[in-house]
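Participant: Read off the chains here:
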Amino acid sequence: MTTSAAELSQTSTSRSMALPSARRLLLWTGLAVLIAWVLVPIYLVALGAFGGRLGVFRWPKSIWPTDLSFAAMSQFLAIEGVFNALVNSLIAAGLTVVFSIALGAPAGYALARYSFRGQNAYRLLVLLTRAFPLAILALPLTVSFIRLGLYDTPFGVSLIHTVLALPFAALVTQSLFMGIPREYEEAAWVFGCTRFQAFIKVILPLALPGLAATAIFAFVISWNEVFAASILTVRERTLTAYLLRILAESPLHYRFAGGFILIIPSVLFIFAVRRYLFAVWGIASK
Amino acid sequence: MPARTSWIPYALIAPSVVFLAALFLVPLVQTIWLSFSAGEGLSLENYQRMAGDLNFALAVKNTFLLTLVVVPLQVVLALGMATMVTKLDKGRDLVLWVLTIPLGISDLAAGLAWLALLQNTGYLNSALYALGLIQGPTGWLSQETPVALFFAIVLAELWRATAIVLVILIAGLQLIPKEFAEAAEIFGAKPWTRFTRITLPLLKPSLQSALILRTVLAFEVFAVVYALGGRNFPVLAGEAYVWQNDNQNYGVAAAYAVLIMAISLAATAVYLRVLRTRPEQLP
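Protein sequence lines, in the order shown, are assigned to chains Y and L. The numbering used here puts the first residue of the first sequence at 1, with every later residue one more than the last. The numbering used here puts the first residue of the second sequence at 1, with every later residue one more than the last.
I should point out that these hints are in silico values taken from the structure, not numbers from a laboratory. Don't take each hint at face value.
Which bits of chain Y does chain L cover? Going by a derived footprint, with three or more residues having C-beta under 8 Å, they are [as the list claims (entries may be wrong)]: (1) 43–53; (2) 57–71; (3) 82–92; (4) 100–111; (5) 141–153; (6) 215–228; (7) 263–275.
Incomplete in silico selection of chain L near chain Y, CB under 7 Å [to be verified]: (8) 12; (9) 19; (10) 30; (11) 101; (12) 104; (13) 105; (14) 106; (15) 108; (16) 121; (17) 183; (18) 220; (19) 242; (20) 244; (21) 251.
Glycine residues also receive a C-beta, built at the ideal position from the N, C-alpha and C atoms.
Assemble the whole structure, with the sequences as input and the hints as a guide.
Facilitator: Here's what the structure looks like:
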């Protein structure tokens with residue numbers, strides 16, 4: 001990955017040297033428009049979130065921040081159910097991370113290191129999940145989840161979110177482990193490590209950054225999911241399910257506050273994994 | 001070199017196979033079963049109720065229209081973005097980070113962000129008012145303005161989900177050897193010719209996966225629509241949600257789910273066939 005990035009920047013350097021200044025101006029104008037296109041809605045929902053009731057109905061609006069306060073946001077967080085929903089979202093996302101790594105990474109390791117009968121059938125199963133609208137599978141699960149006592153729990157929600165994140169985790173970890181030379185492990189065996197010890201002491205430290213990126217993606221997948229979370233919860237709603245439920249009756253500034261809280265972790269997470277973004281999606285979308 | 005077959009790989013994949021069987025394959029079969037069962041025995045009753053519902057035809061039309069407008073626009077927009085970004089030298093990482101932020105944003109939050117822009121006393125109306133185009137707060141997202149509501153949803157979808165297409169395409173562009181374009185340049189090919197004759201054909205596998213991913217997601221579009229228009233703009237997944245949660249009729253909800261799955265599978269099959277790459281065409 002690092003070498004290809006270096007090559008890429010090298011070629012783009014040589015190419016942009018040849019770019020005449022008029023075209024470069026055009027390029028940067030276009031990019032500025034695109035950057036504004038992405039950032040402006042986020043900025044405006046932030047204004048809405050911190051502007052309170054008065055801010056929402058002010059007419060005509062100014063795009064500059066006027067009398068923003070944290071009061072509007074803390075009011076929103078103090079509404080009954082909001083904080084609970086936030087906690088539920090965090091629990092569900094945390095469990096999704098644990099499950100999708102715990103189930104996906106071993107499978108990725110097996111695909112990377114062994115050739116075995118049934119390998120292609122397994123790949124097909126993983127790829128098959130992509131042709132289905134997975135969240136919709138929460139519909140029939142309602143009945144069985146009620147019977148098993150999983151209905152209306154963040155744990156139950158995390159199970160269906162793991163179905164979304166697991167195929168992704170398996171494919172990404174496969175290429176992650178393929179990138180770590182087999183010889184490292186074999187050397188550890190020679191020095192008397194068991195397979196398990198070799199994995200823990202040699203492979204795991206090398207794979208850790210990639211695993212962290214995979215974990216963050218699993219977190220974001222769960223944090224953002226609306227449909228299944230809304231179907232599978234009533235009182236113990238996640239934040240997305242809670243916001244969807246109150247959409248019709250809650251005042252606008254509360255909706256904006258909720259939207260803003262939903263956006264914040266995503267922005268930070270995408271920043272954290274930006275180096276892995278292309279490696280991860282290049283693989284997961286093959 | 002792969003190791004000899006032993007029990008180890010099976011032990012490693014077993015937990016995920018069990019998990020996917022229990023929570024992917026079983027609910028899949030359950031959904032189909034549920035959709036055909038009403039009262040006792042199998043029947044098409046749920047499908048008849050679904051098709052007879054007032055919102056059904058509208059939901060089908062809206063979902064297809066939305067997909068047919070949004071997905072091609074996203075691919076074009078993402079191709080444009082990717083071409084611009086690869087021309088950059090300085091600030092490439094920063095620009096890419098900003099352009100990929102929507103990747104992590106939920107459809108619900110995206111809908112709410114655009115609601116802040118487009119609501120009656122929102123920023124769009126303020127701008128139009130300042131330009132003297134409207135007299136006062138104007139509604140764009142109600143039942144009386146279906147066209148405006150449709151465009152609002154298209155905008156929010158473009159804003160939110162173009163990033164994923166961009167990332168897949170850039171990952172694909174990195175795999176194309178730059179020698180190809182250089183060779184074509186030497187033979188006098190113009191930038192547009194290089195793009196259509198070299199970049200686009202070699203990008204076909206990435207385009208295919210981006211299209212499959214986006215189309216499947218576009219057919220289950222739901223939260224963006226609800227955040228912007230409530231039930232003013234019926235879509236298939238929204239109807240499934242209403243039948244399940246509000247009407248408590250799991251059978252009809254399952255019928256909607258089967259319909260969405262059938263459409264998604266058909267779309268995937270079409271993409272796999274139309275955009276297939278023969279091995280000899282790979283770089």
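Participant: Of the hints given before, which are not true for this structure?
Facilitator: 3, 17, 19 and 21
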